[in-house]
Structures are given as C-alpha cells and as structure tokens.
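For the record, the sequence lines run as chains B and Z.
Using our numbering, the first residue of the first sequence is number 1, and each one after it goes up by one.
Using our numbering, the first residue of the second sequence is number 1, and each one after it goes up by one.
One should not assume that every hint holds.
To be verified - Straight line, CA to CA, 27 Å or less: simulated DSSO-like cross-link-like pairs of lysine-lysine:
| # | chain 1 | residue 1 | chain 2 | residue 2 |
| --- | --- | --- | --- | --- |
| 1 | B | LYS288 | B | LYS40 |
| 2 | Z | LYS444 | B | LYS62 |
| 3 | B | LYS62 | Z | LYS396 |
| 4 | B | LYS40 | Z | LYS66 |
| 5 | B | LYS48 | Z | LYS448 |
Just so you know, the hints here were simulated from the structure itself, not pulled from any lab data.
Quick caveat: nothing in here was measured; it's all calculated off a predicted structure.
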Amino acid sequence: MKFKVTKRGLFITVMLAWPLIHYLVFGLFLQIQTLLYSFKNWNPYTGKQTWVGFDNYISAFKSMANDGVWTSAIKNSLLFIPINMLSIILSLLVALVLYRKIPFARFYRIVYFFPSIISIVVVTMVFSFALNPTQGIVNGMFDLLGLEEWKRAWLGDTQTALISVFVFCIWAGIGWNNVILTGALQRIPTDYFEVGKLDGITFWNEFRYIVLPISWSTISTLIILGTSGAFTIFLQPMLLTNGGPFNSSTTVALEMYRLVVEKNSYGLAAAYGMIFALIGFVVVWTVKWLTERFETVEI
Amino acid sequence: MFKRFMKLSLLMVLVFSVLAGCAGKTKEQEENGAAVEETNKKEEKVTLKVAFFQGGYGDAWFKWLKQEFERENQNVTIELEGNPKMNEIIQPRIEANTNVPDIVFVDESLMRKWGPAGKLVDLSDLYETEKTDGKTVAATITESTNTAMDVFGKKYGIPLAQLSQGVIYNVKMFEENGWEYPNSWEEMELLAEAIKAKGIAPLTYPGQYPYYLFPFGHAAYLQYGGTEFIEKITNPTEADIPGVFEDPAFHRTFTLLDQMFKDDWIMKGTLALNHTESQMEFLRGKAAMIFNGAWLENEMKDSIPDGFVMKMMPFPAAKDAIVNEPVIESITSGFGGIPSESKNIEVAKKFLLFSSTDEANRQFTELTGSSRAFIYPVDGLNVSDFTKSAMEATNKYKTVSLVFSPEAISDSPGLDAFGAIASRSKTVEEVIQANVTAAPDKWKENQKLINSK
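Okay, chain B solo, but in the shape it has when bound (with noise of 0.2 Å):
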C-alpha cells in the first residue's frame, strides 16, 4: 500500500503533530525522567548525578515513616479527598437551588464562579485578609456578636491552620465543580421533572431518581478528577500558611516542591513522585471502579 501526499493528509498530520510532540516531551518525557532521577543522587557540589538504586526510595519511606513533616503531609493529603467529595456535594447541592430558577440564580451562578477566574494569589490574600488575626472580617464578627473567645489565629494556629486551608479549597472549588454539574443538570429534559411533579415526588426522590442517575458520569468525572486531585495540592497551603505552623497544614505537593526548590533534592523528590503517583494510581482506580458500581442513565 501506497501512502499518497495530500494537502489534507499533511494538515492533518502538521495539526496532530503539535499536540503528539507536546504529549510526549511534556507528558512521556518528563515521566521518563522523573523515574530516572529518582535512581540518582545529584550532587550540588560538583553538579554530577550518580546512579544509587533505591537509596532515594529507601530514605523517602524511612522519613514517611518517622519524620513529622512527610506523616503531617500524607495524612493531610489524604484529608483532601474527602474534602474535595464534601465539595461537590455541596456544589451539587448549590447547582440544584440554583436550577429551581430562584432569582438572581444566574448571579449567584457568577458570584460562585468568580473564585476559579480570579489568580489563586489574590484569592488566597483576600481568603487570608478575612481570617486576619487583627483587622480580620472574621474575628471581627465575632467580637461584634460578643463571641470573643472563638476568636483566634485562624492560619497560625496548630488546631485551625489546616481546617482553614480545608475551608478556602471548598469555598473556592465550588463555582468551578458547580458550572460543570449545572451544564449536566441542563441536559436533563424538563419533561422527567413535570412528569414527576405530576406524581407529585419529593426533592430527595427526585434526586435519586432523575437527577443522580442522569448526571452520574458528570459527578463521577468530578469524583475522580477530585481524588487525584487531593495529591497534587501544593497552592493553597504554600500560600495561605505556607504549609506551617510547624507542618500542620502542609501536604505531599508542598514538600516535594521544597525539596526540590529549597533543599535542590531532585532525586529524592522524584522518588517520592514516583510513590505518591503509585500510591495516587491505586487509590484513583479504586475509586473509579467504585464509582462504575453505579450505572449512568443515558437519555
């Protein structure tokens, strides 16, 4: 068989070379590399790397094991991803209120939304302003309802740092995970709800029985891009407490970037990334196949 050169074929192949080649010097190479540097010791004084087989797995589990940073951090890691479910139920629960065409939804839908298109730098400033131990909005409520003593430091406190960071990821997640849901509720036809009205269900049933089934796949793409995406959480930490006081708000992310930023450990980072996307791997698929337990609705 002949391959003919035509002007389609080579649009073609110009147009899919751009992303392939992207793919694989951003995506394949990088992951190549990273699994090689994690065999390596890089030397920061002669600038050599040598090859030291498992030495950087075997410090990176010594220290998961004993040292208070990596066990603060994979335990708090591991909290985002019931956090990020807790986030798109209530993006759900959001997008539903605001479906029922209350008004002002489409505001609301805004006002939501304005947290994923505004720089995380600034969001968490204006997050961090709030919970300001001085001039904070939030302390001052509270003196304004006599509440002083549920007054504190809400970043710089051992017990709150990181239920805040919890607070400002939900709190900023939502608008994002609540135009996607209410794009899937769109797509619901009107006629499911009428008919139901006219039997006169309840909200819960109606959930269970409408919405839920028909916008499974949506959630369930949210379920798993929120699992995967509690081990690559460094942002919001770095900059609302920077992962302190005393590591209590810090996550895996965060140490990996400082390992490599900070302390120029390329290789043990790179080994901890290679645990953390086994271990992410395991985890993500798990909850895939839980999620496949339920079955999508198709309309």
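On the provided structure of chain B, position chain Z as indicated by the hints.
Here is chain Z on its own, set in the frame of chain B:
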C-alpha cells in the same frame, strides 16, 4: 472552494511560522558568531553582557556601572539584562552553555553549585589584584564575608550585598514612653514587661516563616556557645555528631526563644502573618519591635506612616553569655561571577573590580539603600536614617553569619526547631532529642551525597 482556500492558507501560515522561526534563529546565531569573530580579530570593540537578578536592588546601580565603565573604557559596550526571575532562567543557560553572559550577578547558592562544576572562572587571584582605588578585594571584605565566598578553598565570585538582620524598634514609641533599647538580655526582660503593661506587644515577626527567627538564634549561638561552637555546627567532624546537638548553647538558645513565647512577648496571632502583614502591624504600632532585616524600609516604603522612625539594633546578651556583647546577623547575599564560557574574561574581571571600588560601593548604597558586602566609608551618603542605623549596627557590633560547609547538616537536622518552639508543638527537650536522634543518619546520608562522584 472557500473551505479549501482556508485550509491552504492555514497550512501556509503554519509552515511559514515554523520556517520563519528557524530562519530567525540561524540568522541571529550567524550574527552572534560574526560579532565574536570580529572582536577577536580587532580586540577593540567588546560587548560585555551582564545578566543580573533584578530584585529588591532594582537596576539603577547596574545602569550606573554601565555608564561609568563605558565612559572609562570607550571600546566596551555593556549590555544589561535584568530579570526578577534571573536566578531561575540563568541556570539552564549556564548549565547547557547556551546564550551565556560574560558576567552574572545572581544568588550565591549558584556560585557554590557552578564553581566546583567548572562553570565559573576561578577568581582567587582577583581578590589580591589592586582595584582602581588602590585597594584589593581581599583587604576590603570582612572575615565573615571571606568565609561566605569560600568554595573548597577557591573564590568563584565577588560578594554583592550584605544584609543585616536584627531587632528593629519603633523609635518614637520608645521616646514617648521613656524606654531605651536594652544593652543586656536582663534589661530586655524588664523592657518587655514595661511594654506589655502599656497594652502593646513587645515583639512580632513574619510568623509564617520561622526563618525570620534565625538571626536571633544565630546571635544566641555565638553569645552562649562562642566562636568554637559556631565552627562546630558550621564545620563539624564525625566526632561532633550527634554530641554537638545537645550542647548547652542550643539548650540556652531554645529556652530563651521558648520563654519569649511563654511570656507573651510575641504579638498574638503573629504565627498567622506573612512578612507584609506582620510588618504592617509593626508600622501600626501594635508591636514595639520586630525581628527583621535591613530591607524592611524599602519593602514597606508605600505603607510607612508619616513621621514613623525606626532603627535597627543587635540582640543583647544575658549575663551568662560567653560572648557577652550584643550581636547582629550579617549575611552576604548574591555574587558577581564570570562564566567559563565567556569570551571576554579579562574585560569581565576588570568590570568586577570596577564594581567593587569605594565609589561603586557608595553608589550601590545610595541607589539601593542597602549595604555592599565591603568595608567602605559611608559618611555623607544620602541614605535614610534607618539604613544608616542598619549599617552602623553592622560596623559597630559583633556580627554573626552561619555559612555551612558541605559536610555540615544544618543547626537543626531533626526538625524545624524554631517553627516547633514558636508553634508550641514541641518542648525544648523534645527539639534537642529529635536533633540528636536524627543527626547520625543525616550525617551519613550527607557524606555519601557530597562524596558521590
């Protein structure tokens, strides 16, 4: 027809953009190559490329250097390339030998990385060469700067700036209340109580970043452990591990820190604050003093209230101190070096010497409000009182700076000691225990790393 036309034109645009990109590069490369050849042939017209980190010091000083150096050396043209991200973007360029400048002014950690790797010209001789003002570099730097610039017995750069970090206090508040900056830690304790009695917090610092507590810690290491102790932690031998980490000096330092938090010297909520937020609290008079550095005034220049006066001071010592005098931390920051790939090494050396003369150093201070890492006269300089106070403190009092040798495993190998104490997560004993336990393994790992070839 229209569709076909659109497809065709799209393809053309794509193909041409790719080709144009290639063509542009080749042409540029050719031009560069030609320029190098030309300079080699005639040895008169030289273009010196100077790449620098354009951070807090801006670019005014480099522009001044360009102007003055070009005036004195008519055959030289200086090309300045300043970038706030220079520390990152210069790394692949130096490491892959592409688009290498003749001089770099970047972070000093890169000097320690590139020097032994053969990416920088050895400037050890340059330290003994006379500058145009008749002095040598070696004779005009402090001992701590000299140690800071040493990389395995060689010098790969000349120091750029010097950052002093100590206690900055609100001068007006002190005057109004009749307080004086203490000379001893015992007086500091009395002062803190007096400030607290007024309903003001004695101290604050950027609590999100425990390293703002380091200058206090480093000064205390010197005060309660002496110079041998500093030498032991920055340049330890195997015999020192892990014993050095339970030295009484660590105990004393961490206990003093612990006490400050226990006695409410530190403003409530400080741990939640980043640098600007905590500095704002200080400027608003919510705290009388702040642990901070010489850059504070420049960093907050838009927010300093009218008539606000501040001054930098060292950390006073307690009665039981071995080095019983106030100490301030002075860190050498940034370096100027010549990449080995430079085609104009001799001119570049001349430029580095030129940039280190008394006149250039004075210009640096006037234009950036910061101190050059050299000893030079500062009288008559048009700088703020705060900058003067910071420079005076560095000149007048004992200075400390921890420059760790490659073998060293930091002053706290087990955990973030300062963060642990500040957040009330660990007691002093627990911190010391954690360091003693972690040290042997860290030592082994580090020796293995630095000895890998």
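Now the hints, each set against the structure:
1. B:LYS288 - B:LYS40: Violated, because 33 Å separates the two Cα atoms, which is more than 27 Å.
2. Z:LYS444 - B:LYS62: Holds, at roughly 14 Å.
3. B:LYS62 - Z:LYS396: Not satisfied, since the Cα-Cα distance of roughly 47 Å exceeds 27 Å.
4. B:LYS40 - Z:LYS66: Given pair LYS40 of chain B, LYS66 of chain Z is violated - Cα atoms ~43 Å apart, limit 27 Å.
5. B:LYS48 - Z:LYS448: holds, 13 Å
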